[in-house]
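According to mature numbering (1 follows the signal peptide of the UniProt record, and there is no 0), the sequence shown holds residues -19 to -1, 1 to 792 in order.
Treat the hints with care, as some may be off.
Claimed, not checked - Lysine-lysine pairs mimicking DSS-like chemistry, simulated, CA-CA at most 30 Å apart:
1) Lys742 / Lys721
2) Lys642 / Lys783
3) Lys756 / Lys721
4) Lys642 / Lys593
5) Lys756 / Lys642
6) Lys742 / Lys783
7) Lys756 / Lys742
To be verified - Label-pair ranges, simulated between beta-carbon atoms:
8) Thr187 / Thr132: 21 to 27 Å
9) Arg704 / Gln625: 51 to 57 Å
10) Tyr507 / Gln625: 38 to 44 Å
11) Thr134 / Gly195: 34 to 40 Å
12) Tyr780 / Gly639: 32 to 38 Å
13) Gly486 / Thr134: 51 to 57 Å
14) Ser328 / Trp154: 28 to 34 Å
None of these hints come from the bench; they were simulated from the model. C-beta atoms are modelled at their ideal positions from N, C-alpha and C, and glycine is treated no differently.
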Amino acid sequence: MNRLLSILFVLATSPLLEAQVTPSVNVSFDWVKQMGGRSNGNFGNYGTDIAIDYSGNIYTIGDFTATADFDPGPGVVNLSIPPGNDEKLNVYILKLTAAGEFAWAKQIGGTGGGGNRVFSSTISLDNAGNVYLSGTFSGTNDFDPGQGSYTLTSFGDRDIFVVKLNEAGNFVWAKQLGGNGDEQPGVATRIDGNGNIYLTGGFPGTVDFDPGPGIFNLASAGSWDIFFVKLDTDGDLVWARQAGGTNEDVGVGLDIDIGGNVYVTGVFHQDADFDPGPSTFTLSASGASDIFVCKLNTAGNFAWAKQIGGTEPADSVESPYSLTVDADGNAIVTGSFASTITIDPGSSNYRLTSLGSFDIFLAKYNAAGNLTWARQIGGASEDAIFELTTDASGNIFAIGQFRDRIDIDPGLCKLEMQASGTDVFIARFNVSGNLSWGKQLGRSDKPDAGTGVSGSSIAVDATGNVLSTGGFGGTVDFDPGSGIVYQTAPVQGDVFIHKMRPCTGSTASNLSIAACSPFTLNCQTYITGGVYTQVIENTSGCDSTITLQLTIRNQNASGEININACSNYEWNGYVLTSTGSYTDTFPSANGCDSIITLHLTINSPVYTTEFKSICQGQQFEGHSTAGTYIDTMVTRNGCDSIRQLELEILQSPAPSLGPDKVLCTGDSITLTPGRFDSYRWPDGSANSSFVARLPGTYGVTVTNLCGSATDQVVVVEGQCEVRFPTAFSPNNDGINESFKVLGNHRFIIFQLQVYNRWGQKIFESTEPDGAWNGKCNGRDQAPGLYTWTCTYTDNTNTYPKKLMGTILLVR
């Protein structure tokens, strides 16, 4: 689990280092507690949220099934599902001391019957130590965890509950929000300094958001709208707002700043109006859905809204998970994405592209809604951060989940983790989004390691202790350091509460460096001299604070030279073949480098090709035979010029009009003597061909560079019949290979069809050159007699003529 850094070797060997113990921002394993027991086979036990009071006491909420022991010590404190409801989940509320010792455990849930269910979401504390719970429920459930009873019955499929307990876990009040649909607040409840309660989620249809005797109905514009609700410390409605469009829009994460301003993240589809007042502020999803981040003031009025999303509905998937606000009013939001997303489109247009199935994004907005930075974490599989929180200094703490391998350092360095199944990472990032440290829970070399571990919530106390909760199954190592602390749970899962404390083995070191150029230490590059501080992880898993005293010396000298060369140039052991500027470094007397820049011009050889034709018996540049001749000459810049001569020997012209020809009645013949420089026909035309339409003697005189010559042909008139062969043998001997029309008859319309003895058409062509090769659909036809028909028109007839006959196929 230790981060391997090359600087550790330097720290161990350099005589310029002095070490001392200092306070640490890093953490190490303190303890882990396990709660659970028998499950009903379908559900397990799982922690969903965690909170810490000013004394360091730890409060968690989650779901359990059947009977579970919530005393992590040697004692037994069982909570059990009421009879008749043992196939469902109830909610537990657990308080431990700062040392992890049992204080009390409570439960709320179904009163019996299969339709009574309750699901936990969040737990929060006010300054007086009161405990606030939220979640959803269906049917009738008892929300008094004590001896008394306080039942609520849902109006629809699922309603929202908010419960207040005192510091001892005793019931104070319970409220419900709901309508006829299915309301889900997710994990989005926060308490301000005055004990006011803020919730967000999604709702369909019409819902009464006044938990008291009054009515405050909101009606969704689409299938789901986002709600924002503020209750006072007695659970009475202060205000309720909504946002959204005509599709599904849901709030997922919520936090408040010290002024009572409300920050929310969630998901929206298509167009959604995020101004809950009379004005409008519409965001349009760039894909099928986008993530939103919005801010309302303490009165529930709109401040600003931003979006995060991809551009392709089929490729880009985004899921928001958590939002936290630091002491300065900066909002940090996280979620998962596939493909490419744009954070703050239209302004910063910060784009991220996932490395695997799902990667993690972190984005920080200031109080005015401007993007400060965005970071990306991920690996080749599915990765997510489920919750964020901050400390008083603005450092960001995250708990997430990964499979396979992940690099949780969003910077230039790497902090890679390898999961044994599904593992948890816990990380701290500074105010700039750079990784301070990262820890892994879940790695195990046991063959029965089981299903893995999942973390859902994280909290940090004033002294830097980091608490987390979730669930695990199988055998899991909960020591993120070099030690091993195995816990084993049923596959369905038990609850874990995990604590890491600030390290006590931190060290500080001084490093003095003199460099001639920018200096890089642990992926951080410094371009000017000065005193710098870095905090990395040492071999004991705690902080190693390095104070770097850096001196950047000026480079001794630099210079430039200009060179012209032919083909290539050898410089300081390198053969350069291209024009360009090159630099080389030479050591100087003070230990720094002298940099010489070479401006090189390569005058490559000039290649030309000349084509020349001469007559038989002539010479050109001493050559009298055809061929390719190469000559090399020197140009003005001293480089080679290479000429390639392609010499052609021409023969005296010898035109050929061919043998005497028969001209069919009404037809024409095109006469071509060959290729020459000029032509002269009897009618004085000078084209390379002549069309004869009448019988007679035709002559042509041609010329080229080597002289002139004449040829003639006799054209006689005759009758041209349309003729077909009576047999053919397609046996690849080159003789009578196909069946087609004979002669050079000129057709206007032509159609040839061949039939077998069953009357099936096996060949057809509308081109006179079309020939039957004895096949049909690529298969050889049997030897024998076949029938053919030919329908045509020519310049002797107006109506089509039809011929019929037989053809013998011989193989």
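Okay, the hints, checked on the actual structure:
In summary, the hint linking Lys742 to Lys721 is supported, as the alpha carbons are separated by about 16 Å, within the 30 Å threshold. A C-alpha spacing of about 27 Å is found between Lys642 and Lys783, which places the hinted pair at or below 30 Å, so the restraint holds. Restraint check for Lys756 and Lys721: the C-alpha separation of about 14 Å stays at or below 30 Å, so the hint holds. Annotation: proposed proximity of Lys642 to Lys593 is violated, straight-line Cα distance about 38 Å (limit 30 Å).
Taking the CA atoms of Lys756 and Lys642, the gap is about 35 Å. The hint is violated against a cut of 30 Å. With a CA separation close to 17 Å, the supplied pair Lys742 and Lys783 stays within the 30 Å bound. With a C-alpha separation of about 12 Å, the suggested pair Lys756 and Lys742 falls inside the 30 Å cut-off, and the hint holds. In this structure the supplied range 21 to 27 Å holds for Thr187 paired with Thr132, their Cβ-Cβ distance being about 24 Å.
The hint said 51 to 57 Å for the Cβ distance between Arg704 and Gln625, and at roughly 54 Å that hint holds. The hinted range of 38 to 44 Å is not satisfied by Tyr507 and Gln625, whose Cβ atoms lie roughly 59 Å apart. Thr134 and Gly195 have their C-beta atoms about 19 Å apart, which leaves the hinted 34 to 40 Å range violated. Range check, Tyr780 to Gly639: about 34 Å between beta-carbon atoms, so the 32 to 38 Å window is met.
The hint said 51 to 57 Å for the Cβ distance between Gly486 and Thr134, and at roughly 56 Å that hint holds. In this structure the hint that Ser328 and Trp154 lie 28 to 34 Å apart at CB is violated, the actual value being about 44 Å.
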